[in-house]
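Novice: Take these sequences, add in the hints, and give me the full structure.
Heads up: the sequence lines are chains A and B, in that order.
Numbering of the first sequence is given in numbering that gives the first Met the number 0, commencing with residue 0 and proceeding in unit increments.
Numbering of the second sequence is given in numbering that gives the first Met the number 0, commencing with residue 0 and proceeding in unit increments.
The set of hints was computed from the structure by calculation and includes no laboratory data.
Quick caveat, the model's predicted, so the values are computed rather than measured.
The C-beta atom is built at its ideal place from N, Cα and C for all residues, glycine as well.
Honestly, I wouldn't trust all of these hints.
[To be verified] Label-pair ranges, simulated between beta-carbon atoms: (1) B:S129 x A:H133: 17 to 27 Å; (2) B:S129 x A:S12: 42 to 52 Å; (3) A:Q145 x B:S129: 44 to 54 Å; (4) A:L8 x B:Q7: 30 to 40 Å; (5) A:R126 x B:S129: 27 to 37 Å; (6) B:M0 x A:G132: 16 to 26 Å.
There are 2 protein chains.
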Amino acid sequence: MADFTEHQLASESIFSGRLLDVRKDKVRLPDGREAAREYIVHPGAVMVLPLFDDGSILIERQYRYAMRRHFYELPAGKIEGGEDDLATAQRELLEETGYIAQSWRHLLTIHPCIAYSTERIELYLARELSFVGHTGEDGEFLETLQLPQTEAWEWLRNGKISDAKTIIALLWLKTAQ
Amino acid sequence: MADFTEHQLASESIFSGRLLDVRKDKVRLPDGREAAREYIVHPGAVMVLPLFDDGSILIERQYRYAMRRHFYELPAGKIEGGEDDLATAQRELLEETGYIAQSWRHLLTIHPCIAYSTERIELYLARELSFVGHTGEDGEFLETLQLPQTEAWEWLRNGKISDAKTIIALLWLKTAQ
Numbered sequence: 000m001a002d003f004t005e006h007q008l009a010s011e012s013i014f015s016g017r018l019l020d021v022r023k024d025k026v027r028l029p030d031g032r033e034a035a036r037e038y039i040v041h042p043g044a045v046m047v048l049p050l051f052d053d054g055s056i057l058i059e060r061q062y063r064y065a066m067r068r069h070f071y072e073l074p075a076g077k078i079e080g081g082e083d084d085l086a087t088a089q090r091e092l093l094e095e096t097g098y099i100a101q102s103w104r105h106l107l108t109i110h111p112c113i114a115y116s117t118e119r120i121e122l123y124l125a126r127e128l129s130f131v132g133h134t135g136e137d138g139e140f141l142e143t144l145q146l147p148q149t150e151a152w153e154w155l156r157n158g159k160i161s162d163a164k165t166i167i168a169l170l171w172l173k174t175a176q
Numbered sequence: 000m001a002d003f004t005e006h007q008l009a010s011e012s013i014f015s016g017r018l019l020d021v022r023k024d025k026v027r028l029p030d031g032r033e034a035a036r037e038y039i040v041h042p043g044a045v046m047v048l049p050l051f052d053d054g055s056i057l058i059e060r061q062y063r064y065a066m067r068r069h070f071y072e073l074p075a076g077k078i079e080g081g082e083d084d085l086a087t088a089q090r091e092l093l094e095e096t097g098y099i100a101q102s103w104r105h106l107l108t109i110h111p112c113i114a115y116s117t118e119r120i121e122l123y124l125a126r127e128l129s130f131v132g133h134t135g136e137d138g139e140f141l142e143t144l145q146l147p148q149t150e151a152w153e154w155l156r157n158g159k160i161s162d163a164k165t166i167i168a169l170l171w172l173k174t175a176q
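Specialist: This is the structure we're talking about:
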């Protein structure tokens, strides 16, 4: 296998915001030339596939400003400084939906945007769900619904679900059956 | 269904680079408060799932600097100003792999990073493939390989394939069978 490694020559912070940490590096390409690489440094995230005993799933509907519309997506959130992946998944599920789960299983690590972000998403399957009350995270506006799998496949097919991480979790569930 | 729309109050260009166009907007939240939204404006992209008659797929291996390692991924690329989605898919397949396809079918529209990017990816299935010669795009370093589907599922399962868009295309193929 060929080695296409690009070696860092310089690195510059372009923007460090509330959410985005943008960097611009100068690199040495495999053929010796120089090039610029712009990318987002991301702390990583988790996603939870909450599966009820009857096979239905818990999904959220929220507004995504970048796209200027509402999306259906599974519970997810960023890993906070030093927090364990599984602890993040458990926290996000509770904060966003009011549910806890007795059974947790790590399914996949996903890289959503390898062209311009360091983000990884750890996908967990959560079962044996119980509703313990919805506190809600300050400043988060969302609603949850329990969706039969047949409807989820239909929403994938007709484009009503188009969020990549959610598509992966649902297709994983379909192929696991 | 609740309306969680966030209304733009102001919009500012933070960085406009070779690849990344970063914006920071001030918005009015559904509860009347104000918040900041940082995001990437992206022109959109295409991905191609090149499927051979024997069921194997054409996949690429290239270095992704943001993650500092090589990735296996399907042919993909950005839509250039005014270019048609299908024309982009045909161009990227030829430039990156040297293949053309007689049969093209649009499968899905995917949003890879709804939390902080406007990117959409149009996924095409390409069949009846013929190799017409690899010119290569200037400054693109990659190698291609023909992968049996059984091996592709194994690479999904063991994490050797972790690129989100590629996982979606492969799982789509698996569920379509």
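Novice: Does the Cβ-Cβ separation between R126 of chain A and S129 of chain B fall within 27 to 37 Å?
Specialist: At 47 Å between Cβs, range violated.
Novice: A range of 44 to 54 Å was offered for this pair. Does it hold for the Cβ distance of Q145 of chain A and S129 of chain B?
Specialist: 48 Å, holds
Novice: Honestly, do S129 of chain B and S12 of chain A meet the 42 to 52 Å range at C-beta?
Specialist: At 47 Å between Cβs, range holds.
Novice: Measuring from beta carbon to beta carbon, are L8 of chain A and Q7 of chain B in 30 to 40 Å?
Specialist: At 38 Å between Cβs, range holds.
Novice: Can you tell me whether the CB distance of S129 of chain B to H133 of chain A sits inside 17 to 27 Å?
Specialist: The hint (17 to 27 Å, Cβ to Cβ) is violated, given that S129 of chain B and H133 of chain A are roughly 56 Å apart.
Novice: If I claimed the Cβ atoms of M0 of chain B and G132 of chain A lie 16 to 26 Å apart, would that claim hold in this structure?
Specialist: 22 Å, holds
When each numbered hint is compared with the structure, violations occur for hints 1, 5.
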